[in-house]
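**Q** Starting from the known structure of chain A, arrange chain B on it as the hints suggest.
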Amino acid sequence: MRRDAFLSRVAQATLTAKLPVPPVVPDAPLELPPVDLVALFRAQAQAVNAVVHGPVTRHGAARAVAAIATGHDATRFLAWDDVGASGVVSALTAAGLQRIDHLVPSGSRREHNLSYLDVDVGVTGSVGALAESGSLILSHGEGRPRMASLIPDIHIALLDTSRIARTLAQWARENGDSPEKTANLVLVTGPSRTGDIEQELNLGVHGPRHVHIVMVR
Amino acid sequence: MTEPVAFLSRAEALIGSPEAAAVARGAKSFLEKRDTARDQFPLFDDMRERARSIRLHSLANLDRLLARFADALEAAGGQVHWAEDEEDANQIVSRILGASGARTVVKSKSMVTEEIELNSHLEGEGLTVVETDLGEFIAQLAGDTPSHIIAPILHMTRQDVGRLFSQKLGVPYTDDPFALNRIAREHLRRIFLEADAGISGVNVAVAESGSIVLVTNEGNGRLATTAPRVHIALMGMERIVPRWEDASVVLEVLARSATGQRLSSYTNVITGPRREGDADGPEELHVVILDNGRSRVLAGETAEILACIRCGACLNVCPVFRTAGGHAYGTVYSGPVGSVVTPGLAGMDPWWELPYASTLCGACQEVCPVRIEIPRMLLELRRQAAADGRLPRWLSKGMARYAAVTNEPARWRRAKRWASRLSAPLSSRGWLTRIPGPGRGWTVSRDLPRPAAESFEKWWRSNRET
Chain A
1 MRRDAFLSRV AQATLTAKLP VPPVVPDAPL ELPPVDLVAL FRAQAQAVNA
51 VVHGPVTRHG AARAVAAIAT GHDATRFLAW DDVGASGVVS ALTAAGLQRI
101 DHLVPSGSRR EHNLSYLDVD VGVTGSVGAL AESGSLILSH GEGRPRMASL
151 IPDIHIALLD TSRIARTLAQ WARENGDSPE KTANLVLVTG PSRTGDIEQE
201 LNLGVHGPRH VHIVMVR
Chain B
1 MTEPVAFLSR AEALIGSPEA AAVARGAKSF LEKRDTARDQ FPLFDDMRER
51 ARSIRLHSLA NLDRLLARFA DALEAAGGQV HWAEDEEDAN QIVSRILGAS
101 GARTVVKSKS MVTEEIELNS HLEGEGLTVV ETDLGEFIAQ LAGDTPSHII
151 APILHMTRQD VGRLFSQKLG VPYTDDPFAL NRIAREHLRR IFLEADAGIS
201 GVNVAVAESG SIVLVTNEGN GRLATTAPRV HIALMGMERI VPRWEDASVV
251 LEVLARSATG QRLSSYTNVI TGPRREGDAD GPEELHVVIL DNGRSRVLAG
301 ETAEILACIR CGACLNVCPV FRTAGGHAYG TVYSGPVGSV VTPGLAGMDP
351 WWELPYASTL CGACQEVCPV RIEIPRMLLE LRRQAAADGR LPRWLSKGMA
401 RYAAVTNEPA RWRRAKRWAS RLSAPLSSRG WLTRIPGPGR GWTVSRDLPR
451 PAAESFEKWW RSNRET
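Protein chains in written order, with the working numbering: chain A, 1 to 217; chain B, 1 to 466.
Excised from the complex, chain A in its bound form:
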């Protein structure tokens, strides 16, 4: 009932709304001159303070991830079940890191959340990337916790270079149903940042301070 009353008031308002005539725009996608997407992605991701590695082979990915984690002296990690390359989790545990379980237990949500406090590294895959903005596209769900790219100070993401699109508008046009497929889709463009204090750039305010992207061929 509330809904009906609300919507009929809005419908009534649209009848007398003084709105300018919208500009007519072509339905065709907007095209940019072609470029090397891997090179553009690398440059733009670096421009937003991400560190880009590779491209490495699928076999080399695990070693690259372990090297990044140990380079930060990390001890605990949270990882997606499938990050897009095999052997990543075992390479990290072989390097002496402890994996933090991401399954929500039936018990206390609060306790489980707090267990993430000590996580140093989060390892994720990605469903795609945007060259023009240096963004990663993460689709969360079963075995793919949101927290992995959010709570630790270091986020390592694997990216299949064949999945790099040019712009968000282009990617969205080609993947119109992408939001319906998951409860949470996130575009990550560099590390967490703020300029709130005197507009001075600061990284790692609530999310990761370091974002490493391992490109995989």
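Keep in mind that the hints are not guaranteed to be accurate.
[What the hints assert, rightly or not] Residues from chain B that face chain A, not an exhaustive set, calculated with beta carbons under 8 Å:
{"#": "1", "residue": "Arg158"}
{"#": "2", "residue": "Phe178"}
{"#": "3", "residue": "Glu218"}
{"#": "4", "residue": "Ser248"}
{"#": "5", "residue": "Leu251"}
{"#": "6", "residue": "Glu252"}
{"#": "7", "residue": "Thr267"}
{"#": "8", "residue": "Asn268"}
{"#": "9", "residue": "Gly272"}
{"#": "10", "residue": "Gly281"}
The hints are simulated quantities; they were obtained by calculation from the structure and are not laboratory data. A virtual CB, placed ideally from N, CA and C, is assigned to each residue, including glycine.
**A** Just chain B now, kept in the frame of chain A:
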């Protein structure tokens, strides 16, 4: 009759203050970054045209889009609430929190929650509400209000923040922004993870999928909507587009216009609560759709202002905002957009004066990512204010007299002679530096050339034959 004193007196107190200077610096820097982003993106203007088209179409079909959005969101397991006004919205949020037994709430930056003064309402009910955007967190600690849509504490210095943190958080004084940032991170970490509910706004909603999109740089918007069991999103009813593809066009121009970023650090697309088997996410998602005067605005002459995507570029470019700062407006929505939105949402009384806080230079429309005709609507609101008899007597009488004089050649000639004579003793070296009476405001910060001794008309008569 109300005098237009509130804006003027607030502005007068702020002009030349360190706060206004800090706002001006910040606004200028945002604008420069925005210009660079525009220059580096050849599709920027095409995207703006598309964004404008999408937003205007969305407003024209708002009822249908909202119905579709609600259906899709409910199908995804979310709950939709319809709030007619401020009080309604606050009560809905209270009810949801009450039903889930929530005590502590973390908030991600949201203008709508400030519009409805949600924090003070919830605090009045004994809840603990923590703002988590660094700027908003600082403003909350300071008991201050945000001065800019995008950068809430543009008006504070690092020393202000350092003193505040050492006072309120009991940490040793530092004015190093990086250290201050880490202090806030440590302080808020546990609060995030232990909070019972997270409250956010909505930047864009997608009707087709029932998704809400939240844009943040710090990651607080993600934490607040991931860690707690309940997520409540408050959304102005106009914040909707038909499809994900349309949302992507808006997102292409939003961050570029706001901060000069190609995209903000996190563009968070939420479609319903955590799904069966998902590793994390809230168990409940509530979206509160707010009218609060918007349908009244939509029905009228200023409907187009609802196309705004809240980037803040019109604030940064506005000479009035840059001189006086956001606090001069005395409202949540400041700057050019605020001067149209506020009288619309909150009523011409007492906000009718805000449309006068503009030079009508047109820079706001020029910079707007959806090219909203802000100057047209400022003029329209001025016309309404005058028609409603809101102008002070000296101004309405004065304008009527001015019209009477300029419409009658003989009177106009006499007036020119008098102006020239009367201004002679007031001027020095050809300039009027101080006019008494109602003209005083004109000469506080500028000089006027004194009227010529001989009128052009007279000069023309004596010179055209030769």
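**Q** Among the hints numbered above, which are violated by the structure, and what are their numbers in rising order?
**A** none
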